[in-house]
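Construct the entire structure; sequences and hints are all you get.
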Amino acid sequence: MTTPTTRLYNTLTRRIEPLVPIQPGKVSMYVCGPTVQDVAHAGHGRTYTTFDVLRRYLTVRGFAVTYVRNITDVDDKILAKSREAGEPPLEYSRRIAKIHAEDYAALGLAIPEHEPRVSEHIPDILEIIERLIERGHAYVAETPKGQDVYFAVRSFAPYGKLSHREINDLLSGARIEVGETKRDSLDFALWKASGKDGWGWPSPWGVGRPGWHVECSAMSMKLLGEHFDIHGGGMDLIFPHHENEIAQSEAAHTPPLANLWMHGGFLQVDSEKMSKSLGNFVTIRDVLVRNDRESLRYFYLGSHYRGPLNFDVEKRDDGRIVFPGVDEAERRIEYLYAARDAATLAAADAPAAIGKALPQQAAIVREAKTRVLDALDQDLNTSVALAVLNELAKAANEIAMAVQKLRKDKAQQDAARALAAAAVHAFADACAPLGLLHSASEDFWARTKAQRLRTRNIDSVILDQKVLERTRARQEKNFARADAIRDELVALGVELLDTPETTTWRLNVG
RNA sequence: GGUGCGGUAGCCAAGUGGUUAGGCACCGGUUUGCAAAACCGGCACACGUGGGUUCAAAUCCCAUCCGCACCUCCA
506 MTTPTTRLYN TLTRRIEPLV PIQPGKVSMY VCGPTVQDVA HAGHGRTYTT FDVLRRYLTV
566 RGFAVTYVRN ITDVDDKILA KSREAGEPPL EYSRRIAKIH AEDYAALGLA IPEHEPRVSE
626 HIPDILEIIE RLIERGHAYV AETPKGQDVY FAVRSFAPYG KLSHREINDL LSGARIEVGE
686 TKRDSLDFAL WKASGKDGWG WPSPWGVGRP GWHVECSAMS MKLLGEHFDI HGGGMDLIFP
746 HHENEIAQSE AAHTPPLANL WMHGGFLQVD SEKMSKSLGN FVTIRDVLVR NDRESLRYFY
806 LGSHYRGPLN FDVEKRDDGR IVFPGVDEAE RRIEYLYAAR DAATLAAADA PAAIGKALPQ
866 QAAIVREAKT RVLDALDQDL NTSVALAVLN ELAKAANEIA MAVQKLRKDK AQQDAARALA
926 AAAVHAFADA CAPLGLLHSA SEDFWARTKA QRLRTRNIDS VILDQKVLER TRARQEKNFA
986 RADAIRDELV ALGVELLDTP ETTTWRLNVG
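Adding 505 to a residue's 1-based position in the first sequence gives its number in the numbering used here.
No lab work stands behind these hints: they were computed from the structure.
Be aware that one or more of the hints could be misleading.
[Stated by the list, open to error] Ranges between beta-carbon positions, derived for each pair:
1. ASP1003 to LYS582: 32 to 38 Å
2. ARG825 to GLY860: 27 to 33 Å
3. SER668 to HIS930: 44 to 50 Å
4. MET906 to LEU973: 27 to 33 Å
5. ASP879 to TRP706: 48 to 54 Å
6. ALA569 to GLN865: 46 to 52 Å
7. ARG821 to ALA590: 31 to 37 Å
8. PHE984 to GLU947: 40 to 46 Å
9. ALA857 to LYS603: 45 to 51 Å
10. ASN673 to ARG821: 48 to 54 Å
Where is the CB? At the ideal position from N, CA and C, for every residue including glycine.
The following block contains the structure:
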C-alpha cells in the first residue's frame, strides 16, 4: 500500500515534485487574480479553471485547502478606463469585478476562501514597503509628481531564481519610463505618487498608489502568512510579477515565500497567445452565449494545463461565429449526461447487492474514482481523467443496455440494476475533483435546449408541430412524408430520436 | 541574444525505456420502417529531423530544425 502522492511541476525547480504541505493535512494556495480593467476572456477562464480543479482535487484528497485569489482593483489602466466610462475608479473596478465573478461562477469555479482587493489592503502594503526601506531594500526617489518608492533589485541576491534569468541579461531589456528616477533600471516601483490624477491613498511619501507587484506580497502575507504552499498564475506572470513578489516578500521576511510555483499555459488563437493587445480574444461571455458552461470547462480540461491550448474560432457561411473545439467538448458533455441518465434509469428499483454481473463494466465502475485521482496526482493530468470519465460513460451505457436485454433473467437483471446504481455514484465521485456534471440532468437538457433555440432563433412550438406531424405520418406508414419532414428538421440541426411509440428531438451543437 | 512551453497517426490529445490513454472523423455490424442515438468490431508500418546509448527508445544522451511565449502591462 503506497501513500497517494500529489506531484506537481514547480517552476522554481523546473521539475515535477511531491507536494509536501507545510502543515500536514493543510494546503494554502495563492493565485494571482485578474486586474479588473475589462471583462474576462477565455484565457483567464483557463487559468482559473486549472486552479479550481487543483483545489477540488486537493480537497477530495483530504487536504483542508485555503485558496486565495486576489482582485487587482487599483491600477493605471483601471483609472484610464474608468475615466472613459465617466465613473469613479473604484466604482468602475467594482462593476467589472462583479462581471468577472458572474463569469467565473458560470464556469463552475468555486469561490475562493478569500478574494482580497488591493484597495482594502493599503495599510498592509504600506507596512511592507516601510519594512523594505528599513532593511535597505527599497528607497525613496523624488519625481516631478512627488515621491516614489522603488525596490532595489540588486540588494536581493537571489533575484531571478524563479524565471531563471541572470540579472545582467535583464539589463538590455529593462526600460526606464519618463519621469522615473530609479537608481538602477532594474528597480521597480513599490509606490508611485499620484500626481495630478489625484487617485490614491495617503502615505509617508504623500498621496500615491501601490506598484503592481507589492499588493500580492502584502495580501498573501496577510491571509496566508509569510510562508505558504502553492503560488500560481498564468505563465506570463513568471517574469516580472512573480519574480518581483519573491524579491519583495523574501527581502521583507524569512524566505521562502511559497514552496511550489505553478504556471498555466496560454490559450491561443491560430497559434498565437490570446490577448487584449492582439485583439484576438474571445470573452467568456462570448462563449457562454453559444455554448454551455460545462462545455467550456471540459474543453479546458481536455489538454494539460501547462501546454498551449488552441481555441478555434470559425465563421460559418450563414454568418454565425462558432467555436468548434468547445462544440466538440459540448458533445462530450452531452454524452456524459446522457450516459448518467441511462444509468439512473436502469438503476430504478435496484437491489443493494451488486452480484457478479458484467465484470468488465463492474471493474470500470469500481475503479473510476481512483483512476481519476491517480491521473490528477501526476501534475493534474486532466485529459487522462476525462478519458476515465468517457470509459465510465461507455460502461454505464453498456450496463443500461444489459438491463434492457436481461428482462427474462430477473436475477441477472437485478445484478445489472445494482451495477447501474453503482455507476451513478461513480459519476459523482469521479466528477467531483474535476467539477463536471454539476447540474441535475433535467436542468442541463433544459438550458442547452433553450440556448440552442435562442442562438438559432428557432421556435420550439414549430418544431413540436413538425415532429407531431411526422409522428402521424409514421403511424399511417407514410414513410415518404415522415422522411421528408425529418430531412427538413435535420437541415435545421434537429436530431430526432424515434422510439416505436413516440419521437423526441434535440438540437445539435454548433 | 537569454529563458521557457510545444512539435505524437486525417484531426484533437495522453504517454516519457519493453503489454500503444481517450476523443473526433472514417469503415463494417447490432438495433431501426429507414435513420439518429446507444452498443460491438475495425482503423492507422504515429511519435519534427539526424546521430548515439541499450537486448529494447516516442520515452535516455548529443546535435539540429520549426511554432509559440516571456525578457515591457498581460491569466
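Using the beta carbons of ALA857 and LYS603, state whether their distance is inside 45 to 51 Å or not.
48 Å, holds
27 to 33 Å as the expected CB spacing between GLY860 and ARG825, which holds or is violated:
50 Å, violated
Kindly confirm whether 27 to 33 Å is satisfied by the beta carbon distance between MET906 and LEU973.
For MET906 and LEU973 the Cβ distance comes to about 29 Å; the hint holds.
Outcome for the supplied range 44 to 50 Å, where the beta carbon pair is SER668 and HIS930:
45 Å, holds
Has the hinted range 48 to 54 Å been met by the Cβ atoms of ASN673 and ARG821?
The hint (48 to 54 Å, Cβ to Cβ) holds, given that ASN673 and ARG821 are roughly 53 Å apart.
So does ARG821 sit 31 to 37 Å from ALA590, Cβ to Cβ?
With a Cβ separation near 34 Å, ARG821 and ALA590 satisfy 31 to 37 Å, so the hint holds.
Holds or violated: 40 to 46 Å for the Cβ distance of PHE984 and GLU947?
32 Å, violated
With 48 to 54 Å as the target window, see if ASP879 and TRP706 comply at their CB atoms.
49 Å, holds
Between ALA569 and GLN865, is the Cβ distance one that fits in 46 to 52 Å?
37 Å, violated
Can you let me know if the beta-carbon spacing of ASP1003 and LYS582 is within 32 to 38 Å?
Given about 56 Å between the Cβ atoms, the range is violated.
Hint compliance for this structure: hints 1, 2, 6 and 8 are broken, all remaining hints hold.
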